[in-house]
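**Student:** As a plain string of letters, each chain reads:
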Amino acid sequence: MSSVTSRSHGHSLLRDALQRLLRNRVATGSVVFLALMALACFVLPLFPCIASPNLTDLDHIAATSSLQHWLGTDHLGRDMLSRVLYGGRISLLVGVLSTAVAVMLGVVYGMVSGYAGGRTDAAMMRTVDVLFALPFIVVVVVFSLSIEEPCRQMTDYVVQLTGWSRDAVAPLFGLAPVFLAIGALGWLTLARIVRTQTLALREQEFVLAARSLGLSHFSILFRHIAPNLFGTVIVYTTLAVPGIILTESTLSFIGLGVKAPNSSWGTLIKEGADRLEVAPQLLVYPAIFFCLTLLALNFLGDGLRDAFDPKSAKD
Amino acid sequence: MIRYMVRRLGQGLLVLFVLESLTFFLVHALPGNPFLGERKLPEHVLAQLNSLYGLDAGIWEQFFRYWKAILLHGDFGPSLVREGVQVSEIIMQAFPVSLELGCLAMLLAVVTGIPAGMLAAWRRNTRTDALLMFTAVAGICIPSFVLAPILGITLGAHVPGLSVAGWDNPLCILLPAVALGAANAAYVARLTRAGMLETLASDFVRTARAKGAGSGRILWVHALRSGLLPTVSYLGPAFAALITGSFVVESCFQVPGLGLHFVNATMDRDYFLIQGLVFCYGVLIVIANLAVDVCQAWLNPRLRA
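Going line by line, the protein sequences match chains C and B. Residues in the first sequence are numbered from 1 upward in steps of one, following the numbering used here. Residues in the second sequence are numbered from 1 upward in steps of one, following the numbering used here.
FYI, nobody ran anything at the bench for these hints, they're computed from the structure. Careful, some of the hints might be misleading.
Which bits of chain C does chain B cover? Going by a derived footprint, with three or more residues having C-beta under 8 Å, they are [said to hold, decoys possible]:
(1) 239-252
(2) 293-300
Here are a few chain B residues that sit away from chain C, every Cβ distance over 12 Å (derived from the structure) [stated by the list, open to error]:
(3) R39
(4) Y53
(5) P143
(6) I218
The C-beta atom is built at its ideal place from N, Cα and C for all residues, glycine as well.
Modelling step: build the complete structure from the supplied sequences, incorporating the hints.
**Tutor:** As structure tokens, this is what we get:
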């Protein structure tokens, strides 16, 4: 990081990229939209105007929009706006955490593989090939079933240790199987991309210079090679988030993701799909929030790719 | 070329072996066992079930026994959850359904995605391009679990012939295929556009233009071949994934395909069924990757050396 920012006096890659990004109206629009969405999901529910997502209003069951319930209520009379916002919290949180896990694994694995080269590289890349050939859904299911119990024990342990209430701790550790499972598989593509880049960077003079100065492999990798991967990684990360949010929702749809009474956009859409005939709004509202967020993330990712790699942009 | 293919096939078989072995240890490491139903079984019944299916032996002994049965007899063992049914029977029953559905979804993705991508690349930076690419991104962002129920209730329930669920008349395949193929069509369109743009900017296309080749000829004859390379390498694995079914689409439309088994077998810890399914998937992946290699060699003469 540091060497990237210190170069930004002249025309650094980062600054050029930022300027190109700001000129892209669709991408800047997406940034604004995503910021608003994050604010709505994380800050808005703190105010009393948003009802609790689990509060049932028995006078209005599966109601359509009204002044009292802007997006109507679900089959148990729970306020849909509040449920969609709380669901967004979980979906965005899982998206960010899974991506963080995947990016960390992928960058380190790819860098080490590319930097080591030779047999180590070949072995590490064949491992990625095999993992790629595994049916994703089976591994995610196996993984989330396997770490459910350790996560539960972890919750007990944390509750004992800190004395916090179980309700405060449980949601985070309850989500752990989901984002660990997704993150544990999401790193494969990034590892391949990072490896290719590292292979090229390894041969450049500045690495030779660092090596002749007697720097350790560790510091060459993390101080000199890593900053040069920044552009690639940020572009890939933005493009990976929508895929990961989609995976979380698919898992929740199957019934393996977020457990009730917590909800994510995936579980809301599932509930809506089951009652589509009687109350289509239960599917439509969460689906709109979900699809728009994915759309914005994709546009932002495309914009970043064009900004960091002008060659790939429109001629 | 032949030697190259044989080597790739050898590599594929190795990947298949490692894949299947990895799955074996992965599923055996799952907590719980296949016989944990609603009713807790007495200890001695459980022990008897375990010995009946050979699950009481050491893990390595089970591992070698499992491979021996496959290699010598082509036997994937019985389902542990559905009594008296062989894994091969389950796969044989569900695979044709998923195959048919997957092929149609793939066909839809190819016949809409490739022309859309070509048109967008040809008319780059115009309204047509923007509209097509917006549709493609939207197609990626509307997940099948949103698309499937909406298709079902809007078209399936009202258009005669189409159906909301089931697998009894020939037309009912259409909606699940659209739900399954939409995202793939979108990916194909984006990849085709990117590949075509790169090719259209390359030297040999400029040469063709300079020699006076018509724009239609440049697009369809000169550029299409190498412009399709990225799409082809995407299509191989995507095809293998499509014809092994999709849990979401199959459960939305009540289609008796393979996708349901992948998830249910894992949840039920039906060891032999999971392993059989992964084997089937692995074989398809190997075949798909070989097919991709052949197609790429055919499309790009430079790869043939």
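**Student:** State for each hint whether it applies.
**Tutor:** Each hint tested on the structure:
no., hint, result
1, 239-252, "holds (count 4)"
2, 293-300, "holds (count 4)"
3, R39, "21 Å, holds"
4, Y53, "20 Å, holds"
5, P143, "6 Å, violated"
6, I218, "16 Å, holds"
The structure fails to meet hint 5 from the earlier list, while all remaining hints are met.
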